[in-house]
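Asks: Spelled out, the chains give:
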Amino acid sequence: MSDPLLSVDGIDAAYGQSQILRDLSLSVERGEVVSLVGRNGAGKTTTLRAILGILTPSAGTVTFDGDDVTHRPDYETVARGIQYVPEDRQVFPDLSVDENLRLGELKSKGAGTLTMEEVFERFPRLRERRANKGSQLSGGEQQMLVIARALVGKTDLLMLDEPTEGLAPQIVEDVIEIIESINDEGVTVLLVEQNVQAAMSVADRHYVINKGQNVFEGTTDEIRAADDVLEEHLGVGGESELSL
Amino acid sequence: MDVNLLVLQLLNGLALGVLYLLIASGLSVIFGMTDIINFAHGALYMLGAYVGLSVIDATGSFWLALLLAPLSIGVVGVFLERTTLHRIYDRDPLYHIILTFGLTLMLSDAVEFIWGKSPQQFPGPDAITGAVALGPIFYPKYKLFLIVAGIAVAGGVWLLFEKTNFGLIVRGGAQSRQTVRIMGINISNYFTLVFGLAAVLAGVAGVLAGPFLNVTPTMGDQIIITAFIVVVVGGLGSFRGSVVAALLIGLVQSLGTVFVPQLTGFLVYLLMILVLLVRPQGLLGEYEVRSDSTKVTFSEIIEPVSITDKRALGLLGVLALVPLGMGSLYSPYFVGLLSLMFIWALLALSLDMVMGYMGLLSFGHAAFFGIGAYATGLFTMHVFNSFVAAAAVAIVVAAGVAWIIGALSIRLTGVYFAMITLAFAQMFHQLALTWNDVTGGSDGLTGMPTVDLFGAGLVSLGDTATFYYFALFVTVAAYVVTVKLLDSPFGRVVTAIRESERRVSFLGYDTNVYKRRAFALSGAIGGLAGALLATYQTFVSAGTLHWVVSGDVVIAMMFGGIGTLFGPMFGAGLFIGLQEILSSYTDQWRFVLGLLLVLTVMVAPRGLITVYSSVRDAVRLRMGSGGGPQRDAATDGGENR
Numbered sequence: 001m002s003d004p005l006l007s008v009d010g011i012d013a014a015y016g017q018s019q020i021l022r023d024l025s026l027s028v029e030r031g032e033v034v035s036l037v038g039r040n041g042a043g044k045t046t047t048l049r050a051i052l053g054i055l056t057p058s059a060g061t062v063t064f065d066g067d068d069v070t071h072r073p074d075y076e077t078v079a080r081g082i083q084y085v086p087e088d089r090q091v092f093p094d095l096s097v098d099e100n101l102r103l104g105e106l107k108s109k110g111a112g113t114l115t116m117e118e119v120f121e122r123f124p125r126l127r128e129r130r131a132n133k134g135s136q137l138s139g140g141e142q143q144m145l146v147i148a149r150a151l152v153g154k155t156d157l158l159m160l161d162e163p164t165e166g167l168a169p170q171i172v173e174d175v176i177e178i179i180e181s182i183n184d185e186g187v188t189v190l191l192v193e194q195n196v197q198a199a200m201s202v203a204d205r206h207y208v209i210n211k212g213q214n215v216f217e218g219t220t221d222e223i224r225a226a227d228d229v230l231e232e233h234l235g236v237g238g239e240s241e242l243s244l
Numbered sequence: 001m002d003v004n005l006l007v008l009q010l011l012n013g014l015a016l017g018v019l020y021l022l023i024a025s026g027l028s029v030i031f032g033m034t035d036i037i038n039f040a041h042g043a044l045y046m047l048g049a050y051v052g053l054s055v056i057d058a059t060g061s062f063w064l065a066l067l068l069a070p071l072s073i074g075v076v077g078v079f080l081e082r083t084t085l086h087r088i089y090d091r092d093p094l095y096h097i098i099l100t101f102g103l104t105l106m107l108s109d110a111v112e113f114i115w116g117k118s119p120q121q122f123p124g125p126d127a128i129t130g131a132v133a134l135g136p137i138f139y140p141k142y143k144l145f146l147i148v149a150g151i152a153v154a155g156g157v158w159l160l161f162e163k164t165n166f167g168l169i170v171r172g173g174a175q176s177r178q179t180v181r182i183m184g185i186n187i188s189n190y191f192t193l194v195f196g197l198a199a200v201l202a203g204v205a206g207v208l209a210g211p212f213l214n215v216t217p218t219m220g221d222q223i224i225i226t227a228f229i230v231v232v233v234g235g236l237g238s239f240r241g242s243v244v245a246a247l248l249i250g251l252v253q254s255l256g257t258v259f260v261p262q263l264t265g266f267l268v269y270l271l272m273i274l275v276l277l278v279r280p281q282g283l284l285g286e287y288e289v290r291s292d293s294t295k296v297t298f299s300e301i302i303e304p305v306s307i308t309d310k311r312a313l314g315l316l317g318v319l320a321l322v323p324l325g326m327g328s329l330y331s332p333y334f335v336g337l338l339s340l341m342f343i344w345a346l347l348a349l350s351l352d353m354v355m356g357y358m359g360l361l362s363f364g365h366a367a368f369f370g371i372g373a374y375a376t377g378l379f380t381m382h383v384f385n386s387f388v389a390a391a392a393v394a395i396v397v398a399a400g401v402a403w404i405i406g407a408l409s410i411r412l413t414g415v416y417f418a419m420i421t422l423a424f425a426q427m428f429h430q431l432a433l434t435w436n437d438v439t440g441g442s443d444g445l446t447g448m449p450t451v452d453l454f455g456a457g458l459v460s461l462g463d464t465a466t467f468y469y470f471a472l473f474v475t476v477a478a479y480v481v482t483v484k485l486l487d488s489p490f491g492r493v494v495t496a497i498r499e500s501e502r503r504v505s506f507l508g509y510d511t512n513v514y515k516r517r518a519f520a521l522s523g524a525i526g527g528l529a530g531a532l533l534a535t536y537q538t539f540v541s542a543g544t545l546h547w548v549v550s551g552d553v554v555i556a557m558m559f560g561g562i563g564t565l566f567g568p569m570f571g572a573g574l575f576i577g578l579q580e581i582l583s584s585y586t587d588q589w590r591f592v593l594g595l596l597l598v599l600t601v602m603v604a605p606r607g608l609i610t611v612y613s614s615v616r617d618a619v620r621l622r623m624g625s626g627g628g629p630q631r632d633a634a635t636d637g638g639e640n641r
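Same order as they appear, the protein sequences are chains P and F. In terms of the UniProt record's numbering, the first sequence opens at residue 1 and continues consecutively. In terms of the UniProt record's numbering, the second sequence opens at residue 1 and continues consecutively.
Just so you know, the hints here were simulated from the structure itself, not pulled from any lab data. Every residue, glycine too, gets a C-beta built ideally from N, C-alpha and C. Some hints could be false.
[Said to hold, decoys possible] Here chain P is said to cover these stretches of chain F; the calculated rule only asks that three of the stretch's residues, wherever they fall, bring their Cβ under 8 Å from a Cβ of chain P:
no.: 1; region: 156–169
no.: 2; region: 172–184
[What the hints assert, rightly or not] Here are the computed lysine-lysine pairs in the DSSO-like style, where the Cα-Cα straight-line distance is at most 27 Å:
no.: 3; chain 1: P; residue 1: LYS109; chain 2: P; residue 2: LYS133
no.: 4; chain 1: F; residue 1: LYS484; chain 2: F; residue 2: LYS310
no.: 5; chain 1: F; residue 1: LYS163; chain 2: P; residue 2: LYS107
no.: 6; chain 1: P; residue 1: LYS107; chain 2: P; residue 2: LYS133
no.: 7; chain 1: P; residue 1: LYS109; chain 2: F; residue 2: LYS163
no.: 8; chain 1: F; residue 1: LYS163; chain 2: P; residue 2: LYS133
With the sequences and hints as input, model every part of the structure.
Replies: Structure follows, in structure tokens:
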């Protein structure tokens with residue numbers, strides 16, 4: 001069996017004096033969709049930031065594609081093939097759709113997962129809006145743009161932070177479909193979700209994080225079976241949000 | 001009105017406007033990327049002119065100068081950015097501005113040292129001499145060339161930003177640095193490149209200006225202030241705004257000399273005031289006024305020392321004894337020097353109150369100092385020779401001016417405030433120089449009497465020891481009052497505004513009212529310091545109002561320890577002492593002070609106070625008294641806020 005694409009081994013991370021992650025480990029195999037679930041403030045976003053190097057872990061290692069990237073700056077790790085779509089989406093409000101995509105493509109030097117043309121085929125809406133500024137797009141369009149912007153770069157691993165947050169239910173379904181189709185084409189996905197339902201519908205495996213620690217790991221079936229985990233660490237009982 | 005003259009002045013205005021455009025666009029680009037206003041930009045422009053001059057001296061070619069000088073200024077810019085700013089981007093904007101202020105002092109003095117103070121001729125290109133006939137008028141070919149070249153360079157810059165990948169990254173970085181990083185781009189390299197590019201533009205402007213304006217070490221001072229006004233009028237961060245405002249101001253200046261010659265030198269300030277009243281965000285500005293751009297955070301809150309503290313009382317005791325040794329142990333000159341330190345301590349106290357406690361970046365405190373001094377001088381000369389009455393007038397006038405400046409500009413916090421206060425102070429400097437009949441112009445205000453304390457002839461402040469005790473008393477009293485004031489509910493709001501203006505306004509306080517009041521109070525103390533200065537010197541120089549004086553107070557404050565009230569007062573003493581010692585060795589003493597300022601910002605941002613406390617902790621730790629660890633715990637708590 002080959003090494004995992006991403007492996008995180010016992011990392012600690014802190015913002016200033018406040019420790020966020022404690023001895024957290026996870027791994028993602030090539031071709032998988034893996035989700036990180038947990039309550040607000042559990043450390044999910046921090047985990048993604050630590051993987052990328054926006055925040056440097058104070059202990060432990062992050063290995064990507066066989067290379068230790070723990071202490072590499074974020075922009076280098078991105079160039080190696082981890083694309084990150086942050087929670088607040090972060091389109092450039094004063095750049096056009098076209099320019100947003102060009103910035104995403106800039107460092108891939110032809111090694112992008114999709115070309116601009118392929119992006120426009122897949123997201124025809126973006127083609128229509130290509131001359132519009134980022135700030136003129138709707139929330140769903142912005143989410144498509146940032147995912148597309150990640151895909152024109154070199155994307156071996158796509159890390160998405162709450163891609164469905166604040167979107168209308170119909171758009172949430174669209175986004176889930178997009179993630180599935182990207183995955184079908186061989187892009188590995190690591191997903192942070194508050195929406196446990198959405199996470200379960202798209203991911204193969206899940207890590208439950210609480211207070212910066214890994215408290216449960218398993219497949220969708222396993223996590224469904226583990227009522228106590230759901231109750232204790234996600235605040236959702238068997239009969240509540242899961243049955244939505 | 002002569003049409004020919006009008007055309008002539010229109011062209012002159014365009015030529016000026018193009019220079020302003022080159023400077024202001026560089027400022028804007030740096031600001032857009034890093035949120036930093038580079039005070040040193042005028043100095044880079046001036047350096048560009050001098051380097052160009054040397055290239056011409058060496059090679060005889062203007063064209064080579066136009067190529068090499070901007071490139072060298074670009075290298076200087078990159079070097080300065082990498083060695084200083086680049087290391088402290090994560091700090092509050094306050095430190096960035098102060099740092100570039102220090103760089104300005106260093107560059108100005110370095111140029112004076114290398115090329116001398118006197119104005120120099122800058123030969124234009126041989127191919128473009130003489131005049132060209134435009135209908136009935138003759139116009140110098142060089143100025144036409146300047147207009148075309150300047151517009152071409154500005155156009156090139158615009159294309160660079162709109163059409164290239166470099167421009168794309170810079171525009172993206174101006175919107176969100178972190179997002180550009182997660183595109184795999186090392187954005188911090190682009191900070192350096194942008195700084196270098198802006199420096200190149202300043203260099204181009206310097207060389208182009210050479211044959212048109214005088215080349216002097218002070219040529220950067222006026223243009224940087226005009227460029228600030230351009231940026232304020234046009235709207236910060238708007239390239240189109242800079243273009244419009246630069247050309248507008250160039251035209252206003254050149255047409256103004258014809259239509260309203262008596263207002264020459266003031267029109268741009270009036271234009272700025274008008275824009276601030278009508279459209280504070282600038283003509284084309286979209287820059288939303290970030291209410292939290294005032295935010296200044298300290299890793300450690302240092303409370304002002306109580307006057308009843310043993311160390312403070314000890315120091316006062318020693319100071320009280322000083323005049324006794326006059327004549328035997330040291331000369332009256334030394335006692336006078338200490339008096340001057342008290343005056344500057346008062347001024348530094350006034351600045352720290354708004355900058356350290358409120359986060360208002362005032363770079364125009366010379367205005368209050370100078371206004372207080374002139375008011376006192378004029379009052380004692382023409383009305384009544386009484387310090388008490390004159391100082392009251394000085395305080396009221398200075399506070400009033402501060403209140404007005406505050407009312408005009410306090411909505412625009414952060415770097416805007418820094419630029420506007422500097423511009424206002426320069427306006428008063430200009431006024432003092434121009435209003436000859438009243439102020440004595442560049443000769444200064446002479447003929448002041450020896451000031452009497454009450455006006456009854458009982459206590460003459462001309463006596464060195466008497467003045468010494470009086471200045472000490474006033475300074476200590478002002479300190480005690482300020483400490484009390486900042487400890488009051490009013491003071492708590494003031495301090496909270498520094499921490500987060502937004503949260504304070506969420507609590508229902510009108511923060512602008514508090515800022516205006518605090519600024520007026522600070523102006524009052526500054527005016528009092530000015531009153532003492534005039535009394536001490538029995539003379540007022542227009543130089544008191546010069547921006548360099550505002551810079552000196554900032555240096556004093558930083559040396560001592562910003563945001564501590566007593567620290568800046570010590571810093572002022574140190575500043576005066578250093579000035580005294582350094583100036584006896586070299587004319588370029590401000591270079592040394594500028595360097596010390598830069599080092600302070602980089603290495604000891606809380607000044608000598610932190611040096612003092614770390615030394616004390618080290619000593620205590622070694623002696624095993626346990627005082628050190630306790631203090632450390634308190635410090636950690638402070639950082640946890």
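Asks: Each of the hints needs a verdict: does it hold here or not?
Replies: These are the hints, each one checked on the structure:
| no. | hint | in the structure |
| --- | --- | --- |
| 1 | 156–169 | holds (count 3) |
| 2 | 172–184 | holds (count 10) |
| 3 | LYS109/P with LYS133/P | holds, 25 Å |
| 4 | LYS484/F with LYS310/F | holds, 18 Å |
| 5 | LYS163/F with LYS107/P | holds, 17 Å |
| 6 | LYS107/P with LYS133/P | holds, 22 Å |
| 7 | LYS109/P with LYS163/F | holds, 19 Å |
| 8 | LYS163/F with LYS133/P | holds, 16 Å |
Violation of the numbered hints given earlier is absent; every hint is satisfied by the structure.
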